[in-house]
Every structure is written in C-alpha cells, then in structure tokens.
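> Here the protein sequences line up with chains A and B, keeping their order.
To convert, note that position 86 of the first sequence is 86 in this note's numbering; the numbers rise steadily by one, no gaps.
To convert, note that position 52 of the second sequence is 52 in this note's numbering; the numbers rise steadily by one, no gaps.
None of these hints come from the bench; they were simulated from the model.
Here a beta-carbon is modelled for each residue, glycine too, at the ideal position from N, C-alpha and C.
Hints may be right or wrong, so weigh each one.
Unchecked claim - Example chain A residues on the side facing chain B (calculated, C-beta under 7 Å, incomplete):
| id | residue |
| --- | --- |
| 1 | Met14 |
| 2 | Met17 |
| 3 | Leu67 |
| 4 | Ser68 |
| 5 | Asn91 |
| 6 | Glu94 |
| 7 | Ile98 |
| 8 | Ser101 |
| 9 | Lys112 |
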Amino acid sequence: MNYRKPEAAQLVEMLTMILGVDAKASQAPETAIDGLSHVALYANDEGVTVATCSCALPTAAALGCALSMIPPGGAEGMVEDNELTQVASENFYEVMNIFSSLLMDNKSKHLKLTTVETDAGRRLQAEGSEMQAFTLQLGAYGAGELVFDFT
Amino acid sequence: MKVMIVDDSKSMRMIVKRTLKQAGFDNMEFEEADDGTDALAKMDDYMPHLVLCDWNMPQMDGIDLLKALRAAGNEVKFGFVTTESTTEMREQAKNAGAQFLVAKPFTAETFEKALRPVIG
Chain A
1 MNYRKPEAAQ LVEMLTMILG VDAKASQAPE TAIDGLSHVA LYANDEGVTV ATCSCALPTA
61 AALGCALSMI PPGGAEGMVE DNELTQVASE NFYEVMNIFS SLLMDNKSKH LKLTTVETDA
121 GRRLQAEGSE MQAFTLQLGA YGAGELVFDF T
Chain B
1 MKVMIVDDSK SMRMIVKRTL KQAGFDNMEF EEADDGTDAL AKMDDYMPHL VLCDWNMPQM
61 DGIDLLKALR AAGNEVKFGF VTTESTTEMR EQAKNAGAQF LVAKPFTAET FEKALRPVIG
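Please model the complete structure; the sequences and the hints are all you need to start from.
Structural data, given as structure tokens:
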C-alpha cells in the first residue's frame, strides 16, 4: 500500500477543525453506501490517479456549506435542487483538498487533489486498491458518508 | 502590518483572516490573491510585510511564487498554509526561503505558535 489508510479518529479531528462543528465518524461497510455522485481524484507526482474520496450529494452539500458556515437550510436547498451552488462547490473542493493529508504521512508517497467530478460513482477500482468507508455526523448539517479508495 | 493571503479558495482566505484574529493578531490589514501569478502581480504595489500562501494552486503554485520572490531579491516574510505538511515538503519550503509552514486544517493556536516567532 502506497498511501495511508484514513482513520475515523483522524477524520473526526479534521472535520471538527475544518468545519467548526461537533463531528463524529465511524467506519462503515461500503455496501451500505450508494449514490456516490461526487468524487475527488488524487494523483501522484506522475499525474496518475491513485486515490479517490467519494460521497453523495447531501454529504457534499453539508461539507460545502459547513466550511463557510452557510446554514444547514442552504444544504437542504441544494439537495432539493440536486446541485451545489458555486460557493458550496468551491468549498467542497477545498475540503477534499484538505482530506488529501488523511492519505499521506512521512512514509507514504506524495499525492494531491487534481479534480472533483460530480457525475459518477467510485472511479478507482484499481487492482490491489483498498477501500475505507465512514459514516459521519456533522452537527446541525446532519449525517453523511464518505468512501476512500486508495492504492 | 500588511499581509497578503494567497489561496485559490475564497473561503479559505476568509478562514485564514478569521483565524488570525482569533489568534490575537489584531493589527493586520489584508490583500488577497487567488494564485501565485495574481500574488506576483500585486506584490510591488502592495508591498506586504508577510505572505501567507497555499502550496497547490493553478497557474503558479506557492513554492514557485516563493522562488520567484527570492530570485527577485524580495525577502518578504513568507509562510505556507497548506495540506503539504510532510517532513519532505517542510524541508522543501524551508530551503526555498519560507519561515514557517502551517498545516491545514489549522487552529488559532497553531497560527499563533507559527507566526509569533516570526512577526512578534
């Protein structure tokens, strides 16, 4: 394995620091998570995608709103509209950028966020890739799920 | 003190400003840039005392901005605020001339600890 496996405790600490909400996270079986529409792709220094972080629209809306304290009602509106606002999209991108450090440490190889896609489910099913899924509680923004895939 | 904040995320620039205030740095005025190219274009006119800069940005990233400043003889105090926080990247930042590196996500305490030795 070239990259660090994200851990729930680490994710909780990061969510609390990024979002300023009382966050909780626990490992989840991947089969319990569907509708993964928003996928962040992370590439190595050669530009090859080596990891992804995927979630459904409600989670993306919650993360995108919480970063700049857009009220939870704003996230609900985006779910009803079936799309993020530009500000929430940009915020979600930044949250995914910060999540890249969940996958790295001083022993792992380097990766960085390259893009966020919004039209498909999990993108990385490389041979030998591992998966780590989490259920989240994001304070007033409600529940969410994340799936990390990494080689 | 004049501070230039360089980050391609508008929300992150806002959060940096807010966190600086929370850390007790009250006497700051700010200029913002959304990548290294934008920062370089504004540098001579604004003449900041301190640059707080993301690493990975479009057009020109933070390390290239820092190298360009130092190559031009600009010794402005410079710190990274970035997800790139491994030992290797910190060494790269230091070798290029950065005074500090604050890892995202950050707190007011981490900002205070990193900036106080540099700006007093």
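> So which hints don't hold here, by number, going up?
The structure conflicts with no hint, since it agrees with every one listed earlier.
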